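Per the numbering used here, numbering of the sequence shown is gapless, rising by one per residue and ending at 1867.
Do not take every clue at face value.
Listed below are the simulated DMTMM-like cross-link pairs for lysine to aspartate or glutamate, each with C-alpha atoms no more than 20 Å apart in a straight line [stated by the list, open to error]:
#1 LYS1837 to ASP1810
#2 LYS1837 to GLU1505
#3 LYS1004 to ASP813
Think of the hints as simulated: they come from the structure by calculation, not from any bench.
Remember, it's a predicted structure, so these values are computed and weren't measured experimentally.
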Amino acid sequence: MSAVLTSAALPSVLLAAVLLSTLMRPLDYEIRLLYAVADAHYDPSAVQHLRQTLVAGVRVDVARFDRISPLRLSRYDAVYLDPALAGTNALAERIPALRAYVRGGGHLFLENDLLPHVPADLLGGDVTRVRAGSRLDWTYPETDPDAAGLQDVVRRFAADVESQIGVGTMLPGFDWGYGLLPREGGARSLVDWNGVSLFAVHRYGRGTVFAASAFLPNRYYPTGYDLVSGFDEKRGFAATAEKIAAAGPKPGAIYFDRQPRPPRPYFHFAFATANALLRSEYAAFVFKSKYGFAVRKVLGPYGRPAMAYQNHFEAMEGFRDREAIRWTELLREYDQIPSFSLIRAAFTWYRWTETVVVHLNEGTREAPKFAGEFPNSFYGSGTYLLSGGQKMTAAPAPVRVPLAEPVDTPYRAAPAFLDADGDGRDDLLAGSSDGTVRLYRNVGRASDRRTDSGAPQTPVGVAPPDAFAPAETLVGDDGAPLRVESGFAAPAAVDLDSDGRPELLIGSADGFVRVSRRLSDRSPNGAWSRPEPLAAEGEPVRAPGGYAVPAIGDLDGDGVPDLVVGGADGRLTWFPGRYEDTGPGALGPGNADRGADAGGADGSRADGRALRFGRGRTLADTGLAYVAPAVGDLDGDGRAELIVGNREGDLVLYEQEADGVWTARGPIEGDSPNAVGTHALVGGRYSAPLVRDANGDGRPDLVVGQLEYGPAVALDDPAFPYRAQLDEFLAYAREHRLELIPHLFTHHFRTANAEREEIALHRQMFRALGIPWELTGANQHTWRVNAADPLQTFRVESEAGIWFNFGFRSPGAPDDPAWGSSYLWGMPFLLEAGGLNGPMVLHTPVRGFGNGRARGVYESYVRFDLPIDYFEHVEYHFPDRVGELLAFVRELDRIRDEADYNFVSEPQLARSALTALLGDVRVRQPLASWVWDRLRDFLRGGFHFNIRLVPDTRRVPAELAGGYRDAPGVSVEPGTPLAGYRLDTDSPIYARMNGKLYVGLPRPAGVGIGWGPERAHLVRCNVPFRLAPDESGGTRIFLDGDGIQQIKLYSPRPLDIAAADADAPLKIETSRSGDGYAYVVTHFGGPVALRVSETFR
């Protein structure tokens, strides 16, 4: 009988088991969103934003709209129509299906271009063109909690655009598109302008239709996370392109123009962020409409946003004055920490120096190919010549001018060669703006064995150039430096009298060319006669525009050296040479008594004859400024060419036609692109060239004197002048656990291989200085990344193990981070690009504080829980400009205290952001619990709420995120049903702010409606932590992070807090918080453990 009963009961038992299993199965809170497209070639920007939304539980599909059946459509909670569907049959034929979908409870997102193609009854209003105004003086009607987030994104972004930039500046020529005139009982406006609704929600049946403005989502600029998508040329970018084109380049700085030309659409951080936030708020709106709440991941540890500094450290004086240490010590007073990115080669801001380089010929005698930029050219080009083992320099220019601005005065080194000491090797002379001529004695072929990252570079297979001794200054017969009084000496060497000792022809600022002869009866260093004006046909040789630069060479092929003189006005004047019997006046008024044998510049002799010059005639009016000619045979055809340096720094080639006319062929090109994308050889301003075989391989090279920015000196160069201070800083960084990252240099058009070489040299420098370089991040010196291929720089960096970059100029943008309009708002995102070795997180610094002018932007960041990354150069601030630093230090301190941000290092911010972007949070509830809540809703009224938050960080690479992989957090945002309720959690770390509950998730946590008193809990913690019972009955809290560890705790009763290690110094601040107490505990250095007299569960 019992067996029969057992058999009969088995189906019931099984049914009960199945029912119990079903009731215990977790119910996942999710929404499914369809991005409906016209075809496979859709713009992916909206999908990228939606798939990287921080709203938990959003699943996004992409499908062709014409292939979606009504049944399949009904399975989606929301449909976002691609704007390319506007005017298509696919949309027109699906309008009935959309009506049914929305009426049945679906939600529809319409970008602005779609509005005229959707019936008015579905929109809840009539479509009209927007009448634009000059100000964004919009009004914001009251709305419900579910839609308030959408409205707030628009409100705050419009206010920040208006207060910081101006809409006309940010969106010139913008096509504002369409708005709505809501019908009675139809759409509810969220934003009004001039009587037109820009954003509106229409509740249609059980669903909604959201109509967006052209302002957001904005397609005037690219905003996709691939840096190129999201752009619609119809929106009016051509007006911005016209503004950029009209603004430059600046004469005198055309090769240092930081704006790629022609102007092109560029990624806009501000609109990308606003677009992404609006789309995320729409996902939250749908989630709240369906479930009554939304959960959003937070870009910071344990549910509170992160803030950090970005301190580029690059200026020579910053090392000299120990400013990195002084900045760090200042921040410790405010419980903050710096984040330094270290340059490879330091320099003095706005300093320009006369230098001499060589562009080596890696081609042939007949078909030269000149080497252009190397990574170790730094801000210049070519291979720098060594003088005493270091870069050859002459005088610094007495001006302070930024790299991209013109230098108005022609400071430059002007090179010439002669054998000054009779050893058979030609020595180098360099005239300087100070009026002197420097001598660099040739010490033979460079056998450079330097291994520092800044060592000179030459093309593969090409011999290095000759090296030279340290500079000596030529002296006059009185023992004082040989000098032309008007300054700007420009020498040329030629044997005018065949005595075997070349004379010097020296151009100068007053336009005269003077001659000085070697005095053989002086010291071994040699002395030179006082420079006297050179005569031609009895008249002084002079460049009418001033700033004469002479050059010697046979221009007309008669075998006699000629003289060519360039000047400020761009004219080249030819003084034909001839040999004649020695007589008075050959060398000028001051040398009329000197008879001499004639001698050619090529060393030929004409006994009893002297070289004289005929009357000058204009050879060419170049249209350039401050021209410096050189004469040489570049292609081995036996005929001379003219190479003309000038203010812009390039080398313009002139060739003689059959009729004797000299014609410009354009700038001589090198083997690498320069900073503006051409191949013109240019490494500075005011170039002064010389054709010379600089390395003895029989091929003509181009030696160039110039005015160069800097020059920069590698930190591991033996000649780095502040090595003791550098070592002190590095020891300080190690002691205080400061993580250093590279501050990388490239420009808009460097090749991928050149970028790879630069990174390899930077890594070499880090290794030489003992700085760790594992998987790291970077930011860009001068902010630049490649503009020809916006993704190239990031792919190259990814190859090198660099996985985040929080400081770069958007490729093609006309402005820089922190101050430009393109960076008004910013938030981290994952770069969507192929060819990456792993995830790449991109971000941009917050707008500069500007003594409070940008405070509204910071309030927007706080409202949307955006991480704050504050950029500042700290060089040149101590001791006199500390007040400028304190203005924003105190502002960030205020935000941290009032909004409970977590202060971290920039790498820690990146690790936390990576966890949020790649990690997931499952929002779950057992079905039985959900059924019970709904039953209580029915029986008792109100809204019963219990969810489980389950972090899933399996996709987050542990080798990148480190301990922050286990430190995710979320905000739980109540919708209409939960408005007015207090939410509570069983997590040990949480905070309440702005009507939201912020929950840290070191483990899964429950959230529900709370009624009891506030319990003891952690409010925020900036580093990964662990809790363990303490033998005293309290809790031991292990703070596992470097640099700064800071934790805030709340307790309803006073706490005793101490370090587990009595030697670990703690700063403990106590304040009242509601009915309890708040404690902020700060420690600097490595990980620390706390003992707290309270149990934290």
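Tell me, in ascending order, the numbers of any earlier hints that this structure violates.
Going through the list in order, the structure violates no hint and respects every one.
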